[in-house]
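J.: I would like the entire structure built from these sequences, with the hints used as guidance.
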Amino acid sequence: MKAPIAVRASATIATLLLIVALSVVPGQARSGDSAFVWLVSVTPEQLQNVAHVFAYALLAWLMVWTLENLYPPRHRNALAFALAVIAGAGLEWYQTLVPGRFGTFTDALLNAGGALFGLLIAATILKPRARSSSKISH
8 MKAPIAVRAS
18 ATIATLLLIV
28 ALSVVPGQAR
38 SGDSAFVWLV
48 SVTPEQLQNV
58 AHVFAYALLA
68 WLMVWTLENL
78 YPPRHRNALA
88 FALAVIAGAG
98 LEWYQTLVPG
108 RFGTFTDALL
118 NAGGALFGLL
128 IAATILKPRA
138 RSSSKISH
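Note that this note's numbering has the sequence shown beginning at 8, numbered continuously upward.
Just so you know, the hints here were simulated from the structure itself, not pulled from any lab data.
Quick reminder that beta carbons are idealized off the backbone N, C-alpha and C, glycines included.
Take the hints with a grain of salt, since some may be wrong.
FRET-style restraints, in silico, Cβ to Cβ [unchecked claim]:
| # | residue 1 | residue 2 | range |
| --- | --- | --- | --- |
| 1 | SER38 | PRO79 | 51 to 59 Å |
| 2 | TYR78 | GLY107 | 35 to 43 Å |
| 3 | SER17 | SER38 | 31 to 39 Å |
| 4 | VAL57 | THR103 | 20 to 28 Å |
| 5 | VAL27 | GLN53 | 16 to 24 Å |
| 6 | PRO106 | LEU24 | 20 to 28 Å |
| 7 | ALA42 | LEU127 | 32 to 40 Å |
| 8 | GLY107 | PHE61 | 20 to 28 Å |
| 9 | VAL14 | GLY34 | 31 to 39 Å |
| 10 | ALA21 | HIS82 | 20 to 28 Å |
| 11 | LEU77 | LEU54 | 32 to 40 Å |
T.: Put into structure tokens, the structure is as follows:
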């Protein structure tokens, strides 16, 4: 999937910023809060769990895609996974400071599982191209 590095990086950063925005919204909406805060506060827990996996799968896939031509596959996958897991764990910790939110180990595991799923998707989509265009000798 060809795209300039700036486009790839922008998509990755935008996704990370969206995840951050969703993570720091107070868990209980109050009078005067935006519709966005109200929507997040009434989202069922099961849907939030699915959203964790999906969001971090997308983030990890975008990170791998962004790093595709910068690092060999093993390094870019490890870096993408580590960054996604650190972001997920860091945001779970930060949620312990947000009123009405609770950072949990389970959510951190869902984030990591989503990141792993994103790597599997990236390996499926990007691997054939990486082999044919790789300039790195094995």
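J.: Now tell me if each hint is right for this structure.
T.: Against the structure, the hints:
1. SER38 <-> PRO79: 51 to 59 Å: holds (54 Å)
2. TYR78 <-> GLY107: 35 to 43 Å: Given range 35 to 43 Å: holds, Cβ gap about 40 Å.
3. SER17 <-> SER38: 31 to 39 Å: holds (36 Å)
4. VAL57 <-> THR103: 20 to 28 Å: For VAL57 and THR103 the Cβ distance comes to about 22 Å; the hint holds.
5. VAL27 <-> GLN53: 16 to 24 Å: Holds: the Cβ-Cβ distance is about 22 Å, inside 16 to 24 Å.
6. PRO106 <-> LEU24: 20 to 28 Å: holds (21 Å)
7. ALA42 <-> LEU127: 32 to 40 Å: Distance hint for ALA42, LEU127 holds at roughly 35 Å.
8. GLY107 <-> PHE61: 20 to 28 Å: holds (23 Å)
9. VAL14 <-> GLY34: 31 to 39 Å: Distance hint for VAL14, GLY34 holds at roughly 34 Å.
10. ALA21 <-> HIS82: 20 to 28 Å: holds (24 Å)
11. LEU77 <-> LEU54: 32 to 40 Å: For LEU77 and LEU54 the Cβ distance comes to about 35 Å; the hint holds.
In this structure, every one of the numbered hints holds.
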